[in-house]
Amino acid sequence: MKGIELSKKYFNDIAYPIFKNTCPEILDIASIGLVGEGSECFGLDDDISKDHDFGPGFCIWLKEDDVKIYKNKIESVLKKLPKEFLGYERVDSKLSDKRVGLFSLEDFYEKYTSYRKFPISDIDFLKIPESFLATVTNGEIFLDNCSLFSDYRKYLLDFYPEDVVRKKLAAYLFQMAQAGQYNLKRSLDRSDISAVFFAKAEFMEALFGVLFLFAKVYMPYYKLRYKRLVQIKYYPDQLFEDMNKFFLSNDKKDLVYLSEKLSLYVKDILKYRSITRSDDDFLLNHAIEIQNSIKNPQIRAINLVKGN
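Counting in the UniProt record's numbering, the sequence shown runs from 1 upward without gaps.
Keep in mind that the hints were calculated from the coordinates and are not lab data. Please note that a few of the clues may not be correct.
Distance condition first, Cα-Cα at most 25 Å in a straight line; then the derived DMTMM-like pairs of lysine to aspartate or glutamate [claimed, not checked]: (1) K117 / E106; (2) K83 / E140; (3) K20 / E140; (4) K80 / D66; (5) K306 / D158; (6) K223 / E202.
Generate the whole structure from the sequences, applying the supplied hints.
Listed below in structure tokens is the structure:
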């Protein structure tokens with residue numbers, strides 16, 4: 001059973017009736033679900049994932065002032081809930097922060113974004129790591145009665161402002177051009193194994209960044225990027241086949257060919273969406289064009305290589 005499914009069933013079948021009978025007023029002002037760290041919050045958990053930070057549990061979000069009022073009552077209910085459900089018992093890692101239980105929504109959003117209320121400026125948006133935005137907007141909400149929590153979640157799920165997208169896109173395209181279209185071949189010509197490894201890694205990191213931006217989905221941390229990109233069903237199977245070939249290949253000819261093929265795939269999307277006009281295959285020129293198209297002068301002035 002997937003973690004979100006287990007969490008939802010645990011709340012609906014076990015916790016909800018208890019809250020309904022003992023303190024129904026809390027259900028009227030809370031948002032309840034499973035959001036945050038862990039592959040289960042992305043729906044990407046497997047049997048290996050279940051050895052830590054997995055099991056029955058859910059998050060309760062209230063406004064900060066309401067937490068002060070209802071904290072003791074809520075925690076007394078949570079302590080009464082069975083620790084085992086459908087054969088699963090929660091296993092918490094000593095190295096992990098609290099992942100389930102009661103949270104003030106302000107603290108929860110601040111933990112991942114550094115901001116306690118929204119909206120925020122474009123510059124502030126640019127400062128938040130993408131993986132943190134992926135984490136704070138993942139999962140599923142089972143009960144949605146805290147309107148402020150929902151408003152903030154919707155605001156973040158609406159994705160980056162246009163100038164932020166362009167700044168991040170420009171930086172990623174620069175990285176793809178430098179690592180994949182330029183330094184990879186030079187490193188291969190030198191038979192510099194370590195440089196080849198890092199050039200491949202830098203190129204693929206930037207490619208993933210671009211693909212997530214095109215899909216308007218926040219990119220999660222490295223371990224989940226590939227699975228998440230497959231999960232959203234936005235790109236054709238052929239793209240993933242080429243990416244896998246690139247991951248696995250050590251052949252100079254194949255790597256140069258695939259890095260260029262993947263770069264051209266990105267260029268074609270840029271052109272198709274009228275994001276850039278250049279016909280140049282070298283992505284650096286597209287990066288510069290996008291950087292120059294940014295309307296906010298403060299963001300446009302940020303160095304081309306920065307933004308991610």
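Consistency of the hints with the structure:
1. K117 / E106: The hint holds at about 7 Å.
2. K83 / E140: holds (21 Å)
3. K20 / E140: holds (21 Å)
4. K80 / D66: Between K80 and D66 the Cα gap is close to 21 Å, so the pair holds against 25 Å.
5. K306 / D158: OK: K306 and D158 at ~23 Å, within 25 Å.
6. K223 / E202: holds (15 Å)
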